[in-house]
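A.B. asks: Just so you know, the protein sequences line up as chains Z, U, G and Y, in that order. Going by the working numbering, the first sequence wraps up at 1015, each residue one higher than the last. Going by the working numbering, the second sequence wraps up at 1015, each residue one higher than the last. Going by the working numbering, the third sequence wraps up at 1015, each residue one higher than the last. Going by the working numbering, the fourth sequence wraps up at 1015, each residue one higher than the last.
Please keep in mind that the hints were generated in silico from the structure rather than gathered at the bench. Some hints here could point you the wrong way.
No copy labels: a pair is met if it fits in one copy or bridges any two.
Straight-line C-alpha distance at most 20 Å; calculated SDA-like pairs for lysine to any residue [unchecked claim]: (1) Lys974 <-> Ser985; (2) Lys858 <-> Lys987; (3) Lys858 <-> Gln982; (4) Lys987 <-> Arg1004; (5) Lys987 <-> Pro952; (6) Lys858 <-> Ser985; (7) Lys987 <-> Asp976; (8) Lys858 <-> Lys988; (9) Lys858 <-> Gly965; (10) Lys987 <-> Thr859; (11) Lys988 <-> Asp976; (12) Lys974 <-> Pro952; (13) Lys858 <-> Ser983; (14) Lys888 <-> Glu863; (15) Lys858 <-> Pro911; (16) Lys988 <-> Ala913; (17) Lys988 <-> Thr859; (18) Lys988 <-> Asp914.
Small disclaimer: the values here were computed from a predicted structure and weren't measured.
There are 4 protein chains.
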Amino acid sequence: MIKAEGPATLGRDRPALNRRMLERNTMSALIAGVMGPGKTATEEEVRSAYELGKRIAQLGWILLTGGRKYGVMDAAGRGAKASGGTVVGILPGADTREMSDSVDIPIATGMLDARNSINVLSSRILFFIGMNPGTASELALALKYGRPAILISQKEDIIRAFQSMSPKKIEIAADVSSSIEIARRIAGSLDSGSNR
Amino acid sequence: MIKAEGPATLGRDRPALNRRMLERNTMSALIAGVMGPGKTATEEEVRSAYELGKRIAQLGWILLTGGRKYGVMDAAGRGAKASGGTVVGILPGADTREMSDSVDIPIATGMLDARNSINVLSSRILFFIGMNPGTASELALALKYGRPAILISQKEDIIRAFQSMSPKKIEIAADVSSSIEIARRIAGSLDSGSNR
Amino acid sequence: MIKAEGPATLGRDRPALNRRMLERNTMSALIAGVMGPGKTATEEEVRSAYELGKRIAQLGWILLTGGRKYGVMDAAGRGAKASGGTVVGILPGADTREMSDSVDIPIATGMLDARNSINVLSSRILFFIGMNPGTASELALALKYGRPAILISQKEDIIRAFQSMSPKKIEIAADVSSSIEIARRIAGSLDSGSNR
Amino acid sequence: MIKAEGPATLGRDRPALNRRMLERNTMSALIAGVMGPGKTATEEEVRSAYELGKRIAQLGWILLTGGRKYGVMDAAGRGAKASGGTVVGILPGADTREMSDSVDIPIATGMLDARNSINVLSSRILFFIGMNPGTASELALALKYGRPAILISQKEDIIRAFQSMSPKKIEIAADVSSSIEIARRIAGSLDSGSNR
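Starting from the given sequences, assemble the full structure and let the hints guide the process.
C.D. replies: This is the structure we're talking about:
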């Protein structure tokens, strides 16, 4: 099963949403996507991604990333594993070369960055740490598809540009902790079907 | 983490492959795909799929299906859950409508049957129960991509047709039990990196 | 516009469908897909594909193939060009390496055989010459999506297998000429919107 | 063949690239993508797109758009048709509902905005008029894949945001005429294989 149901995960960090799911005896946990640069990620972005991965796992959520062994994807995955979480990696390639060791469930798409659309559609909430063209395509698709998007420590230029396209749908967080608060609030308002 | 490491899953049903993975302290378990008809599946196919899902979960493998709440996909998922397994559903739609309740990890592709290519690329071993056009496209892609394909209780016409295209790559099993024996042998010969 | 409107293309080989399109002053011509093996195609399959490409172009139809420079795809494209036709190539790669010289309009998908779904969805009528796993996946998807599929000179095993999945939807032709007769009849029954 | 070879298209607007192609007796013309908002396009964006479509057709280039009957896509297509050009529409749906009448060659992908990746990979040069999330995803992918991207009359916020991700790869044009000058210069530096 995906989640141990021990005391640790039933503690105060576990939102009402997941409690409802346990009551319904379903294993389906909310999938949260973390998107950000790979090889070009800064040290600070890597640190934030690791912390974010940990926090996502502590909430009992499943982490979804682009699955590669670089930068934000890799660090978020390692953080999630350090807290006993589950990591889904949606890979651009047809196999698992260059996959992060943190990935439990590799999905090999073989469709390059067309897979970014799957990253977004499969995540109930998306976090964005750092920015590069691949990440920007995922943020744009989150806005297009109406998926909640939380920007963490992004530059003013980026925020202004994307807000000018889609003013209501973007959440701005100054750090990982406040991004998690925002995400928990959003999760509480999602339909009880979790990923459904 | 994906798999409880209790005695049950470390027993004799657990192949050498997974033992190696535990030694390496990685959580990545082999992903096995089960493909077959949805609404048009026969009762016998549904029974076989349920049994197959159970056996896959007992081996400590992750089950991957097309994720819909019908026929072989649904039954294999329910079987896997009954044995404490994990179920990945690669959905054709952009959301989780018509998803099987058994799915732990829904991947919403939004790309109709182009997602069949992902089903095949993401599975290390594929089982085929029953046959219809969607299933045939997945069998054909398994042969195209060189993924091990195990046909269970298939009709002579189907076997002959696909063997004429790709004689060496198809395994024929008379029932679920022998398909599992074949799959364990194949898993033993896969590289130790599991899904990598 | 796509097609010169010279006497040759307005002659008796031009079906009622296209005449209606000219009257409506629309340029959109029917897209016909030709699917078949690449490097493993037999000489006879290559000859048939070339002839079929010619006949498709003479009807004023646009030819769609998988776009590679091998076997049936390449030969159909060369035949179409020899009769002044237009060739669309839906490529598996992200660029035009290994593209057939016959392709006028290369569509680079970068998604391997997930592009087979696009081949089928974008063709109003599909012809199948020769058979291998890639071709079989396209035939299966044609049946799945309900696109008219015409098998040319296929082996009994193949015909029986696919007919057992989808009895009504497959047309059987002994040679290129009869496949064209079947296609013209089907085209006449398609809605007047051509590719719409 | 795709393009009539009359005097109009052999005139001074035809770049050296296409002349070389004619000498080589190949029909493959450069594919230029025009991306921009659909229903939310402004009147000015629609006017610019129409003019741009005309200019692209006059150069003997093939126009590629997202194929829908709204806004920039539709206007660029109508402009291209008014100058005798050819229009390829890469549609998000599985059929041609809501397709622009201007489309000669509809490619039905059935994969929602995952098709944006195909738009970019299949275009040798991309123009961007107006901006919304879908368009932004295409601009981001153009930068990711290294395809030349020309922004026409874009707001400062947008320019700054994307330049901060990929400083060298973005061309800025104040109007359609200067975007065409930039595109001709880029086309001259592309390899002679056109779309290859």
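A.B. asks: Look at each hint and say if it fits the structure.
C.D. replies: Structure-based check of all given hints:
1. In this assembly of identical chains, the alpha carbons of Lys974 and Ser985 lie at most 20 Å apart whether taken from the same copy (17 Å) or from different copies (15 Å).
2. Taking the shortest alpha-carbon separations for Lys858 and Lys987, only the inter-copy value of 19 Å comes in at or below 20 Å, while the best intra-copy value is 31 Å.
3. In this homomeric assembly, Lys858 and Gln982 come within 20 Å of each other (Cα to Cα) only across copies, at 19 Å, whereas the closest approach inside a single copy is 27 Å.
4. Proximity of Lys987 and Arg1004 under a CA criterion of 20 Å is satisfied intra-copy only: 16 Å inside one chain copy versus 40 Å between copies.
5. In this assembly of identical chains, Lys987 and Pro952 lie within 20 Å of each other by CA distance solely across copies; the values are 13 Å between and 22 Å within a copy.
6. In this assembly of identical chains, Lys858 and Ser985 lie within 20 Å of each other by CA distance solely across copies; the values are 14 Å between and 29 Å within a copy.
7. Both within a single protomer and between protomers do Lys987 and Asp976 lie at most 20 Å apart by alpha-carbon distance, with minima of 17 Å and 17 Å respectively.
8. For the homomeric pair Lys858 and Lys988, the shortest alpha-carbon distance between copies (19 Å) is at most 20 Å, but the shortest distance inside one copy (28 Å) is not.
9. Taking the shortest Cα distances, Lys858 and Gly965 sit within 20 Å of each other only across copies (17 Å), while inside one copy they are farther apart (28 Å).
10. For the identical chains of this complex, Lys987 and Thr859 are inter-copy neighbours only, at 16 Å across copies versus 29 Å inside a copy, given an alpha-carbon limit of 20 Å.
11. Taking CA atoms no more than 20 Å apart as the test, Lys988 paired with Asp976 passes in both settings, with 17 Å inside one copy and 18 Å between copies.
12. Both within a single protomer and between protomers do Lys974 and Pro952 lie at most 20 Å apart by alpha-carbon distance, with minima of 14 Å and 18 Å respectively.
13. Proximity of Lys858 and Ser983 under a CA criterion of 20 Å is satisfied inter-copy only: 17 Å between copies versus 29 Å inside one chain copy.
14. Taking the closest pair of Cα atoms, Lys888 and Glu863 come within 20 Å of each other only inside a single copy of the chain (17 Å); across copies the shortest separation is 43 Å, beyond that limit.
15. When the C-alpha separation of Lys858 and Pro911 is checked against a cutoff of 20 Å, the pair qualifies only within one copy, where the shortest distance is 15 Å, while the shortest distance between copies is 27 Å.
16. Taking the shortest alpha-carbon separations for Lys988 and Ala913, only the inter-copy value of 19 Å comes in at or below 20 Å, while the best intra-copy value is 33 Å.
17. Within a single copy, Lys988 and Thr859 get their C-alpha atoms only as close as 27 Å, which misses the 20 Å cut-off; across copies the closest is 17 Å, which meets it.
18. Taking the shortest alpha-carbon separations for Lys988 and Asp914, only the inter-copy value of 19 Å comes in at or below 20 Å, while the best intra-copy value is 34 Å.
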